[in-house]
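A.B. asks: As a plain string of letters, each chain reads:
2 protein chains.
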Amino acid sequence: MEPRVSIIGLGVSDLERAFRFYRDGLGFPTSRRPEDGIIFFKMRGTCLCLYPYDKLAADVSPAFITPRAKFAGITLAHNVRTKPEVAALLAQAEAAGGAIEKPAQDTDWGGHSGYFSDPDGYLWEVAYGSFDFDEQGHLIID
Amino acid sequence: MEPRVSIIGLGVSDLERAFRFYRDGLGFPTSRRPEDGIIFFKMRGTCLCLYPYDKLAADVSPAFITPRAKFAGITLAHNVRTKPEVAALLAQAEAAGGAIEKPAQDTDWGGHSGYFSDPDGYLWEVAYGSFDFDEQGHLIID
Chain A
1 MEPRVSIIGL GVSDLERAFR FYRDGLGFPT SRRPEDGIIF FKMRGTCLCL YPYDKLAADV
61 SPAFITPRAK FAGITLAHNV RTKPEVAALL AQAEAAGGAI EKPAQDTDWG GHSGYFSDPD
121 GYLWEVAYGS FDFDEQGHLI ID
Chain B
1 MEPRVSIIGL GVSDLERAFR FYRDGLGFPT SRRPEDGIIF FKMRGTCLCL YPYDKLAADV
61 SPAFITPRAK FAGITLAHNV RTKPEVAALL AQAEAAGGAI EKPAQDTDWG GHSGYFSDPD
121 GYLWEVAYGS FDFDEQGHLI ID
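Residue numbers (this note's numbering), protein chains in the order written: chain A, 1 to 142; chain B, 1 to 142.
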């Protein structure tokens, strides 16, 4: 199995609301519209996809159509190259309709990070630290 | 905000078990070991990270230390270039300790896909369809 994730699929309760948050609020590019029933963002590398929660669960099997927990168990991190970008991106997400779950702060691993949740409660960490970036902006993992 | 996800963090109940599934079972490369307390895989683009569930929740805030639901609401897709790879990868995941949640089958969008769950129940779709791949193996989203 090649070491790559093609698509991260987020099951959302309101496709229009999630679309506006990610496209208009965060600025992620896409040619899709909510009336298409599914949104693919043109990300660098792994694609982010929005799809109605019930349909995503049903696409696996009926056994997965269950209530969501407060914490999915999965977080998405967006690493930035400068420390001030952490608070700035959290503020941008909040202005877009997200919520700051953890304000920007120094971490015990020597970095600086915070968390916001999207309108469905999915968690993004915005993080700064001693990471190296490749030419696409992806982390170089040693 | 640049359109990219740096890291997908999976909160796992047994770091050693998850490490063996992804490194030994699926073949994802890493220089980390469970005794490091956190695993970063060297993926193409977005990094996959394993971290103990309770610690990941606590890293957000104590409010997120809650029981997991059967369905996280998030799926990870791994797209392949040929149809037979779907069933083959599902079998590989099952042999590694995962479970086939949906056997390989034709889809209503003209593709062919199935789902497996990892030892923590996180869902991966293995999908084949009319997608184009870039030189790194990532999907080209129109």
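One thing to keep in mind: the hints can contain errors.
Because identical chains share one entry, a pair is satisfied inside a single copy or across any pair of copies.
As the list claims (entries may be wrong) - Computed cross-link-like contacts, BS3-like style, restricted to lysine-lysine with a CA-CA straight-line distance of at most 27 Å:
hint	residue 1	residue 2
1	Lys-102	Lys-70
2	Lys-55	Lys-83
3	Lys-42	Lys-83
Bear in mind the hints are in silico, worked out from the structure with no lab data behind them.
A.B. asks: Indicate, hint by hint, whether the structure satisfies it.
C.D. replies: Against the structure, the hints:
Taking identical chains as interchangeable, the C-alpha atoms of Lys-102 and Lys-70 lie at most 27 Å apart whether they share a chain (15 Å) or sit on different chains (26 Å). Taking the closest pair of Cα atoms, Lys-55 and Lys-83 come within 27 Å of each other only across two copies (23 Å); inside a single copy the shortest separation is 39 Å, beyond that limit. Proximity of Lys-42 and Lys-83 under a CA criterion of 27 Å is satisfied in both settings, with 26 Å inside one chain copy and 24 Å between copies.
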